[in-house]
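From first to last, the protein sequence lines are chains C and L.
If you want this note's numbering, it's the 1-based position in the first sequence plus 363.
If you want this note's numbering, it's the 1-based position in the second sequence plus 1425.
It is worth saying that the hints were derived from the structure and are not from the lab.
Where hints are given, some of them may not hold.
As the list claims (entries may be wrong) - Label pairs and their in silico Cβ distance ranges: (1) L:1448 <-> C:426: 18 to 26 Å; (2) C:405 <-> L:1641: 42 to 50 Å; (3) C:514 <-> L:1508: 49 to 57 Å; (4) C:409 <-> L:1562: 39 to 47 Å; (5) C:648 <-> L:1758: 18 to 26 Å.
Don't be surprised by glycine CBs; every beta carbon is placed ideally from N, CA and C.
Residue-level listing of the chains:
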Amino acid sequence: MTMATSEPLRTAEPKLLRSFRLAAWLGWQIESNWADPFLFAVYSIIKPLSSAAILVVMYSIITQADFQAPIFAYIYLGNAFYIYVGQVMTGISWAVIDDREHYKTLKYVYLAPIDYPAYLLGRGVARFLIGSFSVGITILFGVLFLNLRIDLAEVNWPLFLFSLLVGVFMLAMMGLLLAGVLLLLAHHMWGLGEAVAGALYLFTGAIFPLEVLPSFLRPVGYILPVTYWLELVRRSLVGQVAQAFPTLAGYTNLQLVGILLALTAVMSVLAVVVFRWCEGRARERGLIDVVTNY
Amino acid sequence: MEFAIKTENLGRIYKIRGGKKEDPKELVALSGVDLQVGRGELFGLLGPNGAGKTTLIKILTTLLAPTSGRAWVAGFDVTERVNEVRQRINMVSGGESSGYGLLTVRENLWMFAQFYGLSSAEANRRIKALLKVVGLDDRINTKSSDLSTGLRQKMNIVRGFLTDPDVLFLDEPTLSLDVGASRDVRRFVREWVDQDPTRTLLLTTHYMVEAEELCDRVAIINKGRVLACDTPANLKHRLQKDVIYRMEVSPLNSLGTAPFEALPGVRKVVHRPQDGFSVLELILEKDDALSSVVATLTSADKHILNLQKREPTLEDVFVDLVGYSMEEVEQAEAPEASQ
Ligand SMILES: Nc1ncnc2c1ncn2[C@@H]1O[C@H](COP(=O)(O)OP(=O)(O)O)[C@@H](O)[C@H]1O
Ligand SMILES: [Mg+2]
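For reference, chain C alone in the conformation it holds in the complex (with noise of 0.2 Å):
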């Protein structure tokens, strides 16, 4: 074997952002295996979809279907918005259990200099965009066969714009701290991130305001950065129907934003001092290379 040149060519890119590169591309190269354009199609399409018919029919069903009321507007993209929860989080810290279990890459992946979360959160872009492809379908299909009307010249742009991407790192910062959890968890986890998106769907008033909860529950709620963040971009798209949902009501744009902003705050440091706490643990007990036996 000739190598060439003694002095590897390395680039100037930095370590972070390198990490975050590679990870997206194998995210996508993963999750777009277009080898099975039907599964896909269930996946993205399909799966959603069906999801909110269900949504739909109860609400029809107890609303004598009342498509025109704004409550529907609200649950309607509360539902197809939160998406983004299960999928954000679980592409974020499935990661984990595929390389360990699946590819069995986590090692290798693990021992090279890259920042290993940095690569955790771009292997969840793949997923960020396969729910986004899915959230706007919902909405194509709410709009297009059940009357759910989003006025594009009302939609304050500026501030779902801004909601959207503080909501994803939000996300993503979840997924994060999930990711440190599932290395000291040497069993098959795999449905965890959806399992906690699913166990959160009813406390953040996705569907039904947090006033429906009972009271000792409500606080759930209250202190869950996600409920903030959807009321944001509901109200950003449909401004002019914010009553119709109780629960923020009195809080104004700018209130919602800075709590939003606060808690996303809390919750990044909550992630790291997590998994790095975690990652630690992993790397005492041995288990960054376990595979679970079946």
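Please build the complex by placing chain L with the ligands on the supplied structure of chain C, with the hints as guidance.
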């Protein structure tokens, strides 16, 4: 920097959780390991399954924290200076087929090269060159899921060399490779180290021949302890005063090796039952002891089918140090040995 690898009183204890109510059991995987590997050395860790070889590699490659002692790789402490260590090392485990099956061979390797900050052009150049060396160049655009296990392992080996690390760790690199491929890998490993005096390579093996023929120095490890560490020649020199015989006899069955080991002048006897006969490896202090072995066999009505005097091998050194052959050690541990 004096040493490429240095350990001081390194130890690792695993806590094994049994049932819910039981207290966790402790398993000593490594204990009091002091090793020093110089730059430019091809160093071998030789020991049976379960000896602690992989555990040591995991600690040195920052995958696992030690429970006692310290270790340095390329001059940096493996627990405190993780980033510095990672930039300078790479690692490959044999006997597993890792890799992203839906990426091609080139893509798999390219991504890992990029992890180490290699430019795309440099990565592709090295990938081509290395794939040629291992005879995988015609598969460069094959999805790695379409490769046989052996070829995947070759790809994985290329991944290790690709980043031209200062210190490369190979954990049983030829495990599950066929004879030809193993030979190719050994030759390549030797050449790689010889090409550049700053390269250091540590490999683990439980093949005696591999350690004996390939490595500059070998540490013999059993039950987490390093029992001896020297060049293969010097290790065998320990047995210089001994004489070694390989004897084929009619099946020993229940007789066992105890009656022979009780004889004066007999140091160690290893028994390998074969199909229809038994092989006895005898380490004797002097030639005279052979006659009493023969007498014992005769009185037990066993026939000698073949007798051969031979030079000591590392296998004999292992038997001399541990008291058992590596196979015997592995069989004794078999029910719980996992890796
Ligand atoms: N993660 C682990 N948890 C508990 N015990 C382990 C773990 N990994 C290895 N061991 C045990 O530690 C000992 C040394 O294992 P290992 O380092 O894999 O040996 P080798 O590589 O020489 O075969 C063995 O008894 C093995 O069963
Ligand atoms: Mg091993």
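Check your understanding: Taking each numbered hint in turn, which are not upheld by the structure, reported in ascending numerical order?
Key -> 1 and 2
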